[in-house]
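Novice: Starting from the known structure of chain A, fit chain B onto it as the hints suggest.
Going down the list, the protein sequences come from chains A and B. For the first sequence, position 5 matches number 5 in my numbering, and the numbering has no gaps at all. For the second sequence, position 180 matches number 180 in my numbering, and the numbering has no gaps at all.
By construction, these hints were calculated from the structure, which means they are not laboratory data. Just so it is clear, CB atoms sit at the ideal spot from N, CA and C, and this is done for glycine as well. Wrong hints could be hidden among the right ones.
Simulated pairs of lysine-lysine, BS3-like, Cα-Cα distance not exceeding 25 Å [as the list claims (entries may be wrong)]:
| # | chain 1 | residue 1 | chain 2 | residue 2 |
| --- | --- | --- | --- | --- |
| 1 | B | 89 | A | 51 |
| 2 | B | 82 | B | 9 |
| 3 | B | 89 | B | 143 |
| 4 | B | 143 | A | 55 |
| 5 | B | 135 | B | 89 |
| 6 | B | 189 | A | 55 |
| 7 | B | 188 | A | 51 |
| 8 | A | 51 | B | 200 |
| 9 | A | 51 | B | 77 |
| 10 | B | 188 | A | 55 |
| 11 | B | 194 | A | 51 |
| 12 | B | 64 | B | 77 |
| 13 | B | 9 | B | 77 |
| 14 | B | 89 | A | 55 |
| 15 | B | 189 | B | 200 |
| 16 | B | 135 | A | 55 |
| 17 | B | 194 | B | 135 |
| 18 | A | 55 | B | 82 |
| 19 | B | 143 | B | 82 |
| 20 | B | 143 | A | 51 |
| 21 | B | 64 | B | 9 |
| 22 | B | 194 | A | 55 |
| 23 | B | 135 | B | 200 |
| 24 | B | 89 | B | 77 |
| 25 | A | 51 | B | 135 |
| 26 | A | 55 | B | 200 |
Among the chain A residues that face chain B by a calculated CB cut under 7 Å, a handful are [as the list claims (entries may be wrong)]:
| # | residue |
| --- | --- |
| 27 | 11 |
| 28 | 16 |
| 29 | 19 |
| 30 | 46 |
| 31 | 56 |
To list a few chain B residues with every Cβ distance to chain A over 10 Å, as calculated [to be verified]:
| # | residue |
| --- | --- |
| 32 | 66 |
| 33 | 67 |
| 34 | 80 |
| 35 | 81 |
| 36 | 83 |
| 37 | 163 |
| 38 | 177 |
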Amino acid sequence: MDCENIKELLPLYLTDELDDQQSMAVQKHLDSCSSCRSELDNLQEVDQLLKTHLKPESAPLFRLSEKKSKKRYYYLSAVAAALVLYIIFSAVQPDKPELTWENNRITELMEINDNLDILDSDYRQLAINGTTLPAEDEELYSIGEDVDYLQTLEN
Amino acid sequence: MVADTQSDKELIIQFQNGNQTAFETLYNRYCDRLYSFLVYQIGNHTADDLFQDVMMNVQRHLLKFNPDGNFRAWLVKIAINKIRDHHRKTNRMKKIFRVHTNDNPEREDVNELSDPEVTDPGDVALDFVNSEISKILNTAIQKLPEKQREVVNLHYLMDLSFREIAEVLNCSINTISARARYGLRNIKKILGPKLVNELK
Numbered sequence: 001m002d003c004e005n006i007k008e009l010l011p012l013y014l015t016d017e018l019d020d021q022q023s024m025a026v027q028k029h030l031d032s033c034s035s036c037r038s039e040l041d042n043l044q045e046v047d048q049l050l051k052t053h054l055k056p057e058s059a060p061l062f063r064l065s066e067k068k069s070k071k072r073y074y075y076l077s078a079v080a081a082a083l084v085l086y087i088i089f090s091a092v093q094p095d096k097p098e099l100t101w102e103n104n105r106i107t108e109l110m111e112i113n114d115n116l117d118i119l120d121s122d123y124r125q126l127a128i129n130g131t132t133l134p135a136e137d138e139e140l141y142s143i144g145e146d147v148d149y150l151q152t153l154e155n
Numbered sequence: 001m002v003a004d005t006q007s008d009k010e011l012i013i014q015f016q017n018g019n020q021t022a023f024e025t026l027y028n029r030y031c032d033r034l035y036s037f038l039v040y041q042i043g044n045h046t047a048d049d050l051f052q053d054v055m056m057n058v059q060r061h062l063l064k065f066n067p068d069g070n071f072r073a074w075l076v077k078i079a080i081n082k083i084r085d086h087h088r089k090t091n092r093m094k095k096i097f098r099v100h101t102n103d104n105p106e107r108e109d110v111n112e113l114s115d116p117e118v119t120d121p122g123d124v125a126l127d128f129v130n131s132e133i134s135k136i137l138n139t140a141i142q143k144l145p146e147k148q149r150e151v152v153n154l155h156y157l158m159d160l161s162f163r164e165i166a167e168v169l170n171c172s173i174n175t176i177s178a179r180a181r182y183g184l185r186n187i188k189k190i191l192g193p194k195l196v197n198e199l200k
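So here's chain A without its partners, still in its complex pose (with noise of 0.2 Å):
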């Protein structure tokens, strides 16, 4: 090997990732070659330095709860996709009355005023009966009787 090709090889003489046969060579040519090993010298001076001060710079934050907004991604997606499946499911069935939320509130007040219905009659039968109503029976007496008018305007 001439001067050109050991010289090529010094980084990985440095590093010691040469097989041991050109290793044996670089080191013998090393031995009688004072312009091989001046070039080592520098090379070497130059490794020290980096591998003793060349230090990184910090690296910004990254945002590693980026899975996460992923999830809440699919989690959306899936809301989307249910919401357009119930308008198409609406739009197929149009004799079905829609569900809004002034109708459950009125389904709610109705049984609400057949359970008033029930308490009203048990209490009349009570009263009937000269039994005494607590304060908070009372109150409910006079709704049975406030429901008892609505129905008469109804009507």
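Specialist: The following block gives chain B in isolation, referenced to the frame of chain A:
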């Protein structure tokens, strides 16, 4: 909490089993070096965006990564691919907008082993004589031709052996050794022998 003494392989296995903290430990181990590599290859502004891209890619694909593989080399490969994509995009934009720059594309050739243009060795060093040594070295590295800079950064920042660099860059080990040799020689030339002696 995951101890930083664990190997890359152990951390990868833990992450693949659902331990997010293991990824954070891996991230903390390599983030600064990877970021610096990007900064020295393409500059500060673009490096920030590319760094986020690279880390997102790593986080996304680490679940399928073979824990017996070389994580550092894989990380570098992702970063290098991102850098190449970036160069392709900017070159395309330059062509579209017919932007003429002073860049000399010849210097990016595979065969480039030329010396950088240093009119007065030591000037750069004198400019930065009062700043930190690391910054002086960074400045010198950034003045290297791209291929030499790449090898120097991968070896001294990312801690890859020359053999690993040859695999990552798909080059012969002799090519990598030659680039390293010229890179180190040129750093000395850029800094000037006087400053090199002072920094030792």
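Novice: Confirm or reject each hint.
Specialist: Going through the hints against the structure:
no. : hint          : verdict
1   : B:89 / A:51   : violated (34 Å)
2   : B:82 / B:9    : holds (24 Å)
3   : B:89 / B:143  : holds (23 Å)
4   : B:143 / A:55  : holds (17 Å)
5   : B:135 / B:89  : violated (29 Å)
6   : B:189 / A:55  : holds (21 Å)
7   : B:188 / A:51  : holds (14 Å)
8   : A:51 / B:200  : holds (11 Å)
9   : A:51 / B:77   : holds (23 Å)
10  : B:188 / A:55  : holds (18 Å)
11  : B:194 / A:51  : holds (19 Å)
12  : B:64 / B:77   : holds (16 Å)
13  : B:9 / B:77    : holds (18 Å)
14  : B:89 / A:55   : violated (30 Å)
15  : B:189 / B:200 : holds (15 Å)
16  : B:135 / A:55  : holds (8 Å)
17  : B:194 / B:135 : holds (17 Å)
18  : A:55 / B:82   : holds (23 Å)
19  : B:143 / B:82  : holds (21 Å)
20  : B:143 / A:51  : holds (19 Å)
21  : B:64 / B:9    : holds (13 Å)
22  : B:194 / A:55  : holds (22 Å)
23  : B:135 / B:200 : holds (15 Å)
24  : B:89 / B:77   : holds (18 Å)
25  : A:51 / B:135  : holds (14 Å)
26  : A:55 / B:200  : holds (15 Å)
27  : 11            : holds (4 Å)
28  : 16            : violated (9 Å)
29  : 19            : violated (11 Å)
30  : 46            : holds (4 Å)
31  : 56            : holds (4 Å)
32  : 66            : holds (21 Å)
33  : 67            : holds (20 Å)
34  : 80            : holds (17 Å)
35  : 81            : holds (18 Å)
36  : 83            : holds (16 Å)
37  : 163           : violated (6 Å)
38  : 177           : violated (5 Å)
In this structure, the hints that do not hold are numbers 1, 5, 14, 28, 29, 37, 38, in rising order.
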